[in-house]
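Undergrad: One-letter residues, chain by chain:
Number of protein chains: 2
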Amino acid sequence: MRASLYNPRPEETNLSDFKFFKHLTDAEIGKLNYDKTCQIYKKGSIVYREGSRLTGFYCVTRGILKIYKTGIDGKEQIIRFVKKGDIIAFRSLLSQELACTTAKVIDDAVLCQIPYPTLLFLLQNNWKFSHWMIQILCRELREANDYITDIAQKSVRERLAEVLILLRDNFDVDENDTLQISLTREELANMVGTATESVIRLLSEFKQDGLIDLKGRRITFIDEASIRKIANV
Amino acid sequence: MRASLYNPRPEETNLSDFKFFKHLTDAEIGKLNYDKTCQIYKKGSIVYREGSRLTGFYCVTRGILKIYKTGIDGKEQIIRFVKKGDIIAFRSLLSQELACTTAKVIDDAVLCQIPYPTLLFLLQNNWKFSHWMIQILCRELREANDYITDIAQKSVRERLAEVLILLRDNFDVDENDTLQISLTREELANMVGTATESVIRLLSEFKQDGLIDLKGRRITFIDEASIRKIANV
DNA sequence: ACAAAAACATAACAAAAGTCATTTTAACAT
DNA sequence: ATGTTAAAATGACTTTTGTTATGTTTTTGT
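These protein sequence lines map, in sequence, to chains P and A. Quick note on numbering: the first sequence equals residues 96 to 328 in our numbering. Quick note on numbering: the second sequence equals residues 96 to 328 in our numbering.
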């Protein structure tokens, strides 16, 4: 077997697969591919840190990252998990603010960085693209508002169920309905916004009630419908 | 005295005062003023309702409105209060989604509606304006993320203190540091995301501790610094 | 494969917040 | 100005969630 199968040259990534770029012309995609810098990030590495100045945004080509803010006394609040096909860091970049979140790799990843001037050039010269960007931002803003209502009105139990559904809908499961993404209880807690022990207790309850099965860090869905009912989504 | 002092013709409003429009040319401001429809809204009236299709966005020229989502079993979650100089409804408009919030007047208001085609025309023809729009959206997205961290990690007591500070910083107070905006305890609770009784109890505590004074619906700041300390902002 | 470290699980308890019932007060329309 | 209605206040009680402590299991790195 050739070494490249194990160490794929990250430069080979083609950005035209990203929905984000669907309104760009071939020439513009070309520029993008020319200007990009791709890199492999090992699990645990930090792509950018809260408070840092960004020089570009990133396209996730492979792997999983968590995006989080550091709250009171250092407690992480996970804003979202991102995977292949997602774009990160463009908000802080476009508002010309320092990064307000940290991006940490939780599953070996390949990211392509696009420099800020390239983004600005594309936005300025392609109305379809900037209109699309505006639409994406507006949609994310709605999602954030939805999330605020959720987190403010739902119990921890409901929010945990909701996070499980979110993971189920956005990440891979195997043939037994086992989530392939591996998160610690603490990370789940930081997503839900609660104490680690509460997550442990509630997951145990869900298991006792026959809704899920737990094998170490692996979570298997047994009665997804009931979890959806608890989550109220 | 002339009647117009009591019933100002809302058409007289000039939109060039809005920071939102700061990158428009005089001709564009002219178009805006030409296309706008201004209207007086009495306290209690609804400007648009969650789920409705919007035909334009609104500039708030006078008065106060609350923007809220309806959560589980009809409970309101107030997303924000808006006042003179604020713009509402442009997110749902630009993403071409149905309104995801309701806008209700809590202090007699004057709003100018700008039709969607006008907004689109300005965005498409003035790069400075659409860039400014992108920056505003990105900034609001950061604020939403900050708020999520807050609401997920802080106690009800801390969040109530934070809401008081937010009101203090964004709305008028008289010479005694009394908030001029008049909200019910229920509205405060819907902002904080808690039960009305909890707000009442905590406000009483704040009063007992000499941080605020309460006279009916009027809230007076006595020890603002301590409230900020509780809020952690 | 194995030891060390980290994560997980559980229980007992404390604190925070929600709910319900009742009385008091303030806001609003006439 | 005044009665009516809605909102606010208060207390007793329940439920939820957080905290601390301790033992067990799983990961992880070598």
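Calculated directly from the structure, the hints in this document are not laboratory data. Treat the hints loosely; a few may be bogus.
Because identical chains share one entry, a pair is satisfied inside a single copy or across any pair of copies.
Stated by the list, open to error - Cross-link-like lysine-lysine pairs, in silico, DSBU-like; alpha carbons within 30 angstroms at most: (1) K223 with K114; (2) K223 with K117; (3) K324 with K178; (4) K179 with K126; (5) K324 with K131; (6) K131 with K170; (7) K223 with K131; (8) K126 with K223; (9) K178 with K310; (10) K138 with K324; (11) K302 with K126; (12) K178 with K126; (13) K117 with K199.
Owing to the predicted nature of the structure, the values given are computational and were not obtained by experimental measurement.
Undergrad: Please write out, lowest number first, the hints stated earlier that are contradicted by the structure.
TA: Violated: hints 5, 6, 10, 11.
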